[in-house]
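Hey, can you work out the whole structure from these sequences and the hints?
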Amino acid sequence: MLEIGSFEGRSALFFLQFLPKSRITCVDSFQGSEEHVGLGSKYESDMAEVERRFDRNLKLFAGRVEKRKGHSVTILPGLAAEHRLYDVIYVDGDHCATSAYSDARLAWDLLDNDGVMILDDYRWGPDLPTARRPEAGIEAFLSQVAGEYELLHRGQQIVIRKSEIVATKSFTIAGRDIEGLAGGALSPPLVSFVVINWNYGRYVGAAIDSIRRQDYPHFECIVINNGSTDDSAEVIARHAEGDPRFRVETLARNHGQLGAALWALDKVNGGFVTFVDADDVLFDNYASTHIQVHMALQRSVGFTSANVAEMDSTGTALTASYQQLQLNRPDAQRGLRGERTVLRLPTVTPSQYRLLDASTATIPRWHIGWLWAPGSANMFRTSVLRLLRLDDGGKPWMASADGYFNTICHAVAGSALIDMPLSGYRLHSSNYFATGESIEGMRGGTRDYTIKLEQFTYESVRFLIEQSDRFDWLLGAEFWPVVDRVTRENPDKLRDYFSNEIAVEIFKRNAPQLRSVFGAKGFSREVTARFSGAQARSILRAGFGGRIPMRVLRKTLSRDLRAFLKRKPKR
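Numbering of the sequence shown is given in this note's numbering, commencing with residue 380 and proceeding in unit increments.
What you were told as hints is all true, and nothing was included just to trick you.
Under the rule of at most 20 Å between Cα atoms (straight-line distance), these lysine to aspartate or glutamate pairs were calculated in the DMTMM-like manner:
1. Lys774 with Glu845
2. Lys400 with Asp491
3. Lys646 with Asp622
4. Lys831 with Asp863
5. Lys900 with Asp848
6. Lys774 with Asp645
7. Lys934 with Glu905
8. Lys646 with Asp771
9. Lys900 with Glu857
10. Lys831 with Asp875
11. Lys400 with Asp466
12. Lys887 with Glu845
13. Lys872 with Glu838
14. Lys541 with Glu518
15. Lys887 with Asp875
16. Lys541 with Asp493
17. Lys448 with Glu413
18. Lys872 with Asp939
19. Lys446 with Asp466
20. Lys446 with Glu461
21. Lys448 with Asp425
22. Lys448 with Glu430
23. Lys438 with Glu387
24. Lys900 with Asp939
25. Lys446 with Asp434
26. Lys438 with Glu428
27. Lys887 with Asp863
28. Lys448 with Asp471
29. Lys900 with Asp851
30. Lys831 with Glu884
31. Lys646 with Glu628
32. Lys887 with Asp848
33. Lys541 with Glu529
34. Lys541 with Asp488
35. Lys872 with Glu905
36. Lys400 with Asp493
37. Lys831 with Glu880
Treat the hints as calculated values from the structure; they're not laboratory data.
Below you can see the structure in the form of structure tokens.
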């Protein structure tokens, strides 16, 4: 049970005596309201003595009573953050209309399905102005939750039962519950959060708490202590304790963020996954907004990327957006489908849906470069991640998860941008990607990170080439464009990119398979489109078993000659 407004504890005594198995949380500031502290009021009370009487009255039941001293507007959100649920809630706090409304509204989210709420003093103070009586506040609350309750009694008290059918409604189509439409055969998607922590004991607790506060209930969370040597293990255990949606995994050594992400892919159950940087925080509507966009896009994409609010090490806001995330790109498809034609979440109101519609754009997969917000801002389709995983995570990959997955997922399946901050991105001296906020005209990432990210694109190329027999079937004519897109290079820079000996070695090692998959003509065409001179001939020889066919050799030499003649003479 939850009691809001305990005063000297008489109602709490009633519940504890007549419901011998009950436990009660009592919320009261013990400072009194205007009627208790106003001079000359017939309800004037010594509030210090009132609190002492409360303690004496309930002393016998101390093991079943939890006293929360403070104002309800502070205590009730705290109970929600702890994921507390109650079978009975008794609202008997401040009598003014605004307080009656706020107490009931904040408590509603704490009431379990089929739970009973008792709203006291509905008819109190009939001669007082409306603003100083509970009735108007209670009526405003009942109006707001209309359809979510069954009225059990109306008199001096209003007694209602929370309707299980409405309370558990998760998705609708054109206003109708999908559970009813599909006969229970269709359920909301599960979201998997994967928190990857390496020596971020000072931040990871806040990250976990932000996941617990999600207004979308269908999620699981795996917290990976990635070889930490600080107090991370204790912090993680303390913040994840008591919530069955959280699982803690420990890796004996640091696998890197990407290595830990690959390792986790076999362990997640959700159809969508977000890798949460342990120093970031998610806003309460993070999961519900991403899922609503995934369910309402004009076409499905590999992942969605939302804007972020950048903050410093203490959590102080620095910016409300990330400069790289821009909707107005060529060929971008703005907006969502009509709200009555898609799966709709109850936590996304019609006005919020319209705002999302105006703030979302699907970006075609042929766009190259870094287009997204970093880290925790991204929610991926798990099926696409598993399709594109480098390995099973058995070895370390000292690279960022978003640095690999964003680029290759977009190249294969496209992405969508949500120009709305849904997470806090923390900037601090230990942030390897960026130590300062994103400002137009200035690079956001560090030099070392940018160089390593560029070098790591060769791993994406290696993965696709080694898996060419599988991806040729999956991607068809898009296979070679995808290979070029994961380089993140403009078309006029591709030859310089592939001239690197890393790329040459990748193609040479896999040349026989490339020839088998694409045929002699296709193999020769794609090699000479990316390589020239001795590098091209070395790959071709590897593919043709040591001897390049004369017709292929002639074309290669002719192409090299034309390229040589086009060069501008140096002055």
